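A.B. asks: Protein chains in written order, with the working numbering: chain A, 1 to 481; chain B, 1001 to 1244.
Just so you know, these hints were derived from the structure itself, not from any lab.
Mixed in with the good hints, there may be bad ones.
[Claimed, not checked] With beta-carbon atoms standing in for the labels, derived distance ranges:
#: 1; chain 1: A; residue 1: 468; chain 2: B; residue 2: 1183; range: 45 to 55 angstroms
#: 2; chain 1: B; residue 1: 1184; chain 2: A; residue 2: 470; range: 26 to 36 angstroms
#: 3; chain 1: A; residue 1: 403; chain 2: B; residue 2: 1148; range: 52 to 62 angstroms
#: 4; chain 1: B; residue 1: 1038; chain 2: A; residue 2: 403; range: 29 to 39 angstroms
#: 5; chain 1: B; residue 1: 1075; chain 2: A; residue 2: 361; range: 49 to 59 angstroms
#: 6; chain 1: B; residue 1: 1148; chain 2: A; residue 2: 346; range: 27 to 37 angstroms
#: 7; chain 1: A; residue 1: 470; chain 2: B; residue 2: 1028; range: 55 to 65 angstroms
Since this is a predicted model, take the numbers as computed values, not measurements.
Quick reminder that beta carbons are idealized off the backbone N, C-alpha and C, glycines included.
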Amino acid sequence: MREGAAPPDAAFALIAKQRGAQRIMALSPAALKLGLTAGMMLADARAQEPDLAALEHRPEADRALLLRLVEACERYTPMVAPQGDDALVLDLTGCFDSLAMDERGVLDDLAHRLSRLGFHPLAACAGTPDAALALARFGKRSLRELPVAALGLGEDAHLALKRAGLRTIGQLADRPRAPLAARFGKAMSVALAHLLEEQDRRITPHRTLPPIWVEQRFAEPMATVKPLLGVIAWLAGQARDLLVARGRGGRRYEVSLFRTDGHVARLAVDSGLPLRDPADVVRLFRERIESLADPLDPGFGYDLLRLSVPLHEDLSEGQERLDEDKSGRPDLAPLLDRLQVRFGAECLHRFAPRDEHLPEYADRLVSAASRPEAWPQPEAGEPPLRPLFLFEPPQPVTVLAEVPDGPPRRFGWQGRQHRVVRQEGPERIAYPWWKTVEATGPTRDYYRIEDENGCRFWLFRHGLYGSEKADPRWYLHGVFA
Amino acid sequence: MFDSSRFKRAASLVQTSPEGWPDAPLQQDGVHEFYAAQGQDGSAALAPPVALALLCGVQARQPGEPLLWLRLAKGKQARQRPYAPGLAELGIDPAAIVLMRLPDLQSLLRAGVDCVRHGSAATVVLEVDGRAPAFDLTASRRLALAAEQSRTMVLIVRSGADPAPSAAHSRWQVASAPSVPLPADAPGGPVFDVTLLRQRGGREGLNLQLEWDREQGMFRAPLSRGRPALPAVRTGDAGRRSAA
Chain A
1 MREGAAPPDA AFALIAKQRG AQRIMALSPA ALKLGLTAGM MLADARAQEP
51 DLAALEHRPE ADRALLLRLV EACERYTPMV APQGDDALVL DLTGCFDSLA
101 MDERGVLDDL AHRLSRLGFH PLAACAGTPD AALALARFGK RSLRELPVAA
151 LGLGEDAHLA LKRAGLRTIG QLADRPRAPL AARFGKAMSV ALAHLLEEQD
201 RRITPHRTLP PIWVEQRFAE PMATVKPLLG VIAWLAGQAR DLLVARGRGG
251 RRYEVSLFRT DGHVARLAVD SGLPLRDPAD VVRLFRERIE SLADPLDPGF
301 GYDLLRLSVP LHEDLSEGQE RLDEDKSGRP DLAPLLDRLQ VRFGAECLHR
351 FAPRDEHLPE YADRLVSAAS RPEAWPQPEA GEPPLRPLFL FEPPQPVTVL
401 AEVPDGPPRR FGWQGRQHRV VRQEGPERIA YPWWKTVEAT GPTRDYYRIE
451 DENGCRFWLF RHGLYGSEKA DPRWYLHGVF A
Chain B
1001 MFDSSRFKRA ASLVQTSPEG WPDAPLQQDG VHEFYAAQGQ DGSAALAPPV
1051 ALALLCGVQA RQPGEPLLWL RLAKGKQARQ RPYAPGLAEL GIDPAAIVLM
1101 RLPDLQSLLR AGVDCVRHGS AATVVLEVDG RAPAFDLTAS RRLALAAEQS
1151 RTMVLIVRSG ADPAPSAAHS RWQVASAPSV PLPADAPGGP VFDVTLLRQR
1201 GGREGLNLQL EWDREQGMFR APLSRGRPAL PAVRTGDAGR RSAA
């Protein structure tokens, strides 16, 4: 079943254009009952059923739906992988205790939840992913009853096996393997071993397995977000025990909220320093929840909460006292974490020097979590040679100078005239032509200027008069204190 | 603690009555406002009050303590961006500053209170542009209470606004003043024209000019200093600097 405009009991087909013809990719259950099959041309199907509704087949939407199901199935185990276009594989090893269910229970629960979403799931449990997939696909009870097509070796091999009189996996399993491998290749013996639960195949989970996770299930779904922080605090306490045992602290915490209807909301917080104190974790999550533009919608309630620590770092016990430095002020890092969670990481900056020739590139803003870098000391005895504020972009000004390549006498900016009382310059800054061959630009002549009110400005002439430009323009690049 | 002796010294140097000058003009756990002086046409230079606030913040902090600077990411303020080499030239270590650029005034005030309340920074500088009705008596009272609790100095730079009632401990008006010229009539170091508009329990209306001395890390009166011996390189410095 797919999400779509048509009701589930209507006959419709999903079509795609293949080799110039509209071909049916999938059919609704009602359409299948009419005797249509996938792969037919739409024209042929319409000849049988003139009223057959046809909708465009969108594989990417199918894929997205499948991935949403992957998320919903992470309630059972974090090892969930999509298989092909229409199947999910769950690795339930070691999960039954925490689920308090057996195999049958998980299958029933899964079937119940999926059918509530409008799916008709086929589910099976087996020792290997291939065996479970084959049992579910072919609807058999035991592995020996499976047809040879379950091997998935391709039409030719299946036909050859059938011609040899081997119709089921059971018949195949009874034969000696060596001749089979000699006749059908190594892939055959590997596929058979996977299918007969003799050899396991690892699945790659859709989401990377977090190194540490703890979860809390609720008998009754939690229909409001109020108790959320309390549950997070309790989970963070458990996570702390795990982290302490490993001597680690979490740099990133993630909460997954599993809604009863299969929707999964995820909230993540990052911290600059590894932390594991539940109070700190809860404080970050409180900021995160308060800063959500789109508040959490509990719908019919959350029935599972999982706290995972995808990123952790060394944090030994002794380090916890380092935050008390001699000034008696608390550490800045928790504050930065909180501000970062609330206002976004793009709001917080530190200055970092950059070894560039053009003044506007001489500094850059880096994330506040980065380590502060050392700055060169200004030259003693000089007044400030660089402005406190820089205009981006430089503001064009009108300048009156005595001689075209001399210092300015007056300049006009934003409709005001400034008379130059003192000036120093030029400080000539060439365009960095040595960097790349094609880098060319006018040379800038910078002047430090003070007007009659004592305001200090940083002006430059863009281009050398005569040699570079006939009429160079002037710009205001910055203001001094 | 803020070194009040420096301010005192500066005050005595410009011959204002020392008894009228407050003991510690900027108390460490207080809120202080720096208004940009407005010209006749309503224009206000942002750089002098910001620079003075940052310099006071730097003076008040112990080595290793951070300084938080909050400003808006949009609007009039954002067209002038803080330039770290310029900060270094003033003697402010850019590495000690954490700059926050916030989307609106509401979040700026909220983040400001958070920063002050946390108390990990020695000084929090807030730039509030325009009349800013959201920055009312309640907001400034909140900041003042948080500052007292966490012993954090809060410096608020107001531009484009007339002085309004607030819970600030002191209120200053700051403008640039002509600098002490260097040889060849070059502009010298920063000089501020500072007026004490209001001081809680103190006298007001004091006016003085302060020159920032980067090497000594203190303010002094601009006109009474002895002319230092100037390095000979200054005469032909243009070529030297462009070669540097």
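A.B. asks: Give a verdict on every hint.
C.D. replies: Evaluated hints:
1. A:468 x B:1183: 45 to 55 angstroms: violated, 30 angstroms
2. B:1184 x A:470: 26 to 36 angstroms: holds, 29 angstroms
3. A:403 x B:1148: 52 to 62 angstroms: Holds: the Cβ-Cβ distance is about 59 angstroms, inside 52 to 62 angstroms.
4. B:1038 x A:403: 29 to 39 angstroms: holds, 35 angstroms
5. B:1075 x A:361: 49 to 59 angstroms: Violated: the Cβ-Cβ distance is about 24 angstroms, outside 49 to 59 angstroms.
6. B:1148 x A:346: 27 to 37 angstroms: holds, 32 angstroms
7. A:470 x B:1028: 55 to 65 angstroms: About 58 angstroms separates the Cβ atoms of residue 470 of chain A and residue 1028 of chain B, which means 55 to 65 angstroms holds.
Against the hints set out earlier in the document, violations occur for numbers 1, 5.
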